[in-house]
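Colleague: Modelling step: build the complete structure from the supplied sequences, incorporating the hints.
Be aware that the sequence shown starts at 1, since it is given in UniProt numbering, and climbs by one per residue.
Note that these hints are calculated values from the structure, not bench results.
Every residue gets a Cβ at the ideal spot worked out from N, C-alpha and C, and that includes glycine.
Incorrect hints may have been included.
Unchecked claim - Pair by pair, the computed Cβ-Cβ distance ranges are:
1) Glu134 <-> Leu97: 13 to 21 Å
2) Asp126 <-> Gln67: 30 to 38 Å
3) Lys85 <-> Asp126: 34 to 42 Å
4) Asn141 <-> Lys81: 30 to 38 Å
5) Glu130 <-> Pro75: 20 to 28 Å
6) Trp83 <-> Arg150: 15 to 23 Å
7) Ser46 <-> Lys115: 28 to 36 Å
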Amino acid sequence: MRQLSFEIEQPAMSASTSITPSLGRMVDHAKLGHTNSGSLTEVIVSEGGAIQPFQLLPMLAHCNAHQRWLMWLSPNLSMNKHWLKSVGLSDSPVVHLDSNCESQLTLCQRILQAKTSHLIIEWCGDLSTEDRAEIRSLAINSGSHVVLTRSL
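Modeller: Structural data, given as structure tokens:
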């Protein structure tokens with residue numbers, strides 16, 4: 001998912017300076033070393049709720065300006081090709097990987113270290129502060145957009 005920023009073009013500021021709306025302060029992305037940084041977005045879903053994790057794939061596809069793979073890491077059944085076609089993703093490189101609570105962090109690390117895809121993770125079990133921080137750091141460093149969904 002893209003972090004919204006408003007570019008400001010004034011002589012006193014570089015072209016990479018932006019205002020981050022949620023923080024209300026100036027950020028020079030070039031000085032931070034991530035002009036094309038990734039992000040981690042966390043979504044809490046409830047069973048039987050209106051939004052299900054697979055419905056986030058089209059949103060992630062819009063972040064795909066770099067023609068990366070779209071990875072869906074889930075302990076559930078694989079995705080429906082008819083549904084992918086109906087949301088305009090039939091030509092997008094989408095890969096579903098089965099995971100379980102024991103392997104999900106290792107899979108996330110490997111996928112993000114490859115720097116070739118954006119990722120939706122259906123997280124099972126508890127998410128520790130350390131694991132969340134590691135996924136966020138890997139996403140930023142790899143330029144990947146990660147949407148992590150979990151149930152309450």
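Colleague: Give a verdict on every hint.
Modeller: So, going through the hints one by one against the coordinates:
Our hint of 13 to 21 Å for Glu134 and Leu97 holds, since their Cβ atoms are close to 18 Å apart. The hinted window of 30 to 38 Å between Asp126 and Gln67 holds, with their beta carbons roughly 35 Å apart. Between Lys85 and Asp126 the CB atoms are about 36 Å apart, so this pair conforms to the stated range of 34 to 42 Å. Between Asn141 and Lys81 the Cβ separation comes to about 32 Å, which falls inside the hinted range of 30 to 38 Å.
For Glu130 paired with Pro75, a C-beta distance near 21 Å keeps the hint of 20 to 28 Å intact. Distance hint check for Trp83 and Arg150: the Cβ-Cβ separation is about 22 Å, which falls inside the suggested range of 15 to 23 Å. Between Ser46 and Lys115 the beta carbons are some 33 Å apart, a value that agrees with the proposed interval 28 to 36 Å.
When the structure is compared with the earlier hints, no violation turns up for any of them.
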